[in-house]
Amino acid sequence: MRLLLVEDNRRLSDALRATLVEDGYAVDAAYDGIEAEELASFTPYDLIILDVMLPKRDGIEVCRSLRNQKVKTPILMLTARDGLDDRVLGLDSGADDYLVKPFEVKELRARLRALVRRQSDDKSATLVVGDLQLDPAAHLAWRGKMRLDLTAKEYSLLEYLMRNANRLITREMILAHLWDYGRTTASNVVDVHIRRLRRKLDDPYEVRLIETIRGAGYRLRDPERGR
Amino acid sequence: MRRLIQSLGDMFPAFLHSIRFRLTLWFVCILAIVLAGFSIFIYWTQSRDLRSDAVGHLQEEDARIQSFFHDSEWELSDVSPADIPGSSVLLPKGDLLILVDTNGTILQQWGQQISKPDALITDLWTEGGSHRDLTIYQKQVQVADQDGQSASADYLFITTPIMQDESLRGYLVVGSMTDLISQQHRLAVSLTLGSLGMLAIAFLGGLWLADRAMRPVASIALAARNITESDLGRRLNMRGRDELADLAATFDGMISRLQTAFDRQRRFVADASHELRTPLTIINLEVGRVLEGQRPAAEYKRALQVVDAEGSRMTRLVNDLMTLARMDSGQTILHFEELDLSGIALEAVGRMSALAAQRQVSLEPGESSQVPVRGDRQYLLQMVSNLLENGVKYCGIGQQVRVDTSRQGGKALLRVSDTGPGISPEHLPALFDRFYRVDQSRSQNDDDPASPPGSGLGLSIVAWIVRAHDGEIRVQSRIDEGTAFEVLLPLSRSSRVGPRSQ
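Residue numbers (the working numbering), protein chains in the order written: chain E, 1 to 227; chain R, 1001 to 1502.
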């Protein structure tokens, strides 16, 4: 999951980013409204966390402008104001949800998961592909009865593949959704992570789920649907 | 039914206490007094005129009869009406004539017959006393009408002595029927009824007028009731130039001031909560994050450092908020004493030197002649410290902050200047506003975890302290050259006397 974090207070932004990165999100941070709008309009984010009080252009305006540009990414607004009018204004500008500071980490996570779930076709809380199971709330994945011991990045990769099961996923798509702009990424970083994931997911089993499509990318195959 | 009675009972006292009712009542009372005086006057003059008419008539009659007795020879007991010339004219119907001797015995009685004439004479005698002269008496007597029935009628009597050759021979009592009493009675009744009628009309009319005059008051009250905290933007906007329009304008002015105060308060609360929510969110995030799963000790330490920094930020903010709240509510008590302003400046420099060293800003006391002022030591120290801290925080590495004290035009001058980035002119007017920050994205220093937290209230507190000391504060700033805050305080009185006496 690739996420844009727009918060002008650097200390808060850093703390949020640390938490989100640990949860496996690829996080880009923007510190003002203009920067946020630029990033959001040409990057396919899965989620945007948007503070209302921003320098240069406030969150409400950014949100409205993004929706006018047909950017459909789910937006979670953060605000210090909790009046009814503020909430109504936030939601009316096109935000999908609204979180008032201060909030608990658990609540932030739950709201983000709910927003992702709302986007996908499958509204159930856990993802299932074949004998693969993934629980975003608990951050756990199983194959059959075996729990998979995954790193945050591997987990995100698996989640992304499962959300797009039976579809061709290019390396570029994986890069765009799982890596932020912050670090320079080696060209083979996707292959490395796929290889690691395969080692845990496919190597011990007879049926291999991750297929390589030569020259194009990867596909997570649902054996039951594939037949 | 019971509810109706109750509501009437509730309404009625309210009506009795209403201004329009009381106003009308007073008005009616005054009118009643005027009418009563007027009626009494009318009654008095009218009855006097009526009476004098009747009495004049009687006296005329009496005089004619008297002249007969004067001019002719006669015996009282012998005289008969026929003897009196023109007696038919003399005694109109209903009138009566009684001749009495000196002892009061009736000798002759002509004209209308009355029952118990003796009693009448006795009455007249006792009422008149010894003066049996031209006194007029008014009496009600029993007369027999045409059918022989006895009826009571009002009579005026005049008693005149009959003299013959300088000697008293008897008395002549002339009685004339009169409707004086009934006329008076009618007059009194019509005056009373007329007055009551006028009072009733005046009461209703007064009530109507008062109601009309008071209607704007009711509309003002209704409008005022509808103006609540949430829509202080509403105004009465009453047109006109009368007292009520004046009242409405006063009211509107008051609402405007209230609205300003409310808006300021609301913004202050919103800003304060925003400032408090950010560190709380950071603490929540950090703690929530590191409490999940096992982590290396260094990570816990880092998280605790973040929590510590945010904690001190909040402490500072809450302290400043409390200081301002106390200042706003007038609970701050200043202990004035004679102080040397340069000493305070030096002490503040001492306090801030550690911070300046940490941020590699040069902080030095400049020119510092002794400047005696009267003030509260703690607050003046806080004032100078806040100004110095402000300067240090906005300065970059290697820049300098200095503080000078001097006398200027009979005032004590404290000047805190820095060679920092300066403040652009559009920010200067709002510089002392609460939570106002020059850099909208918040200063870089503020985001630096190593820097002491600023609350955004420091300069507001400075401004309050200056005001509380009857001083004034000015700020001059140029971009890229620096900023200078100048505080002017009144010189202590003892010092102004001091140099002259030497």
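One or more of the hints may lead you astray.
Stated by the list, open to error - List time: in silico EDC-like cross-link candidates among lysine to aspartate or glutamate, alpha-carbon distance up to 20 Å:
no., chain 1, residue 1, chain 2, residue 2
1, E, K153, E, D135
2, E, K56, R, D1271
3, E, K200, E, E211
4, E, K153, R, E1292
5, E, K56, R, E1426
6, E, K200, E, D180
7, R, K1301, E, E206
8, E, K106, R, E1426
9, E, K145, E, E206
10, R, K1301, E, E22
For the record, the hints were derived by calculation from the structure and aren't laboratory data.
Hint by hint, here is what the structure shows:
In summary, the hint linking E:K153 to E:D135 is supported, as the alpha carbons are separated by about 15 Å, within the 20 Å threshold. A C-alpha spacing of about 18 Å is found between E:K56 and R:D1271, which places the hinted pair at or below 20 Å, so the restraint holds. Taken as a hint, the E:K200 and E:E211 pair is honoured in the structure, with Cα atoms around 15 Å apart against an allowance of 20 Å. For the given pair, E:K153 sits about 18 Å from R:E1292 by alpha-carbon distance, which is consistent with the 20 Å threshold.
For the suggested pair E:K56 and R:E1426, the alpha carbons sit about 16 Å apart, so the restraint of at most 20 Å is met. Simply put, E:K200 and E:D180 have alpha-carbon atoms about 25 Å apart, too far for the 20 Å limit, and the pair is violated. Between R:K1301 and E:E206, the direct Cα distance comes to roughly 46 Å. Violation of the 20 Å bound is thereby established for this hinted pair. Restraint check for E:K106 and R:E1426: not satisfied, since their Cα atoms lie roughly 43 Å apart, outside the 20 Å limit.
Under the criterion of a C-alpha separation no larger than 20 Å, the hint pairing E:K145 with E:E206 is consistent with the structure, at around 15 Å. Distance restraint check for R:K1301 and E:E22: the Cα-Cα separation of roughly 17 Å lies within the 20 Å cut-off, and the hinted pair is therefore satisfied.
Taken one by one, the earlier hints fail for this structure at numbers 6, 7 and 8, listed in ascending order.
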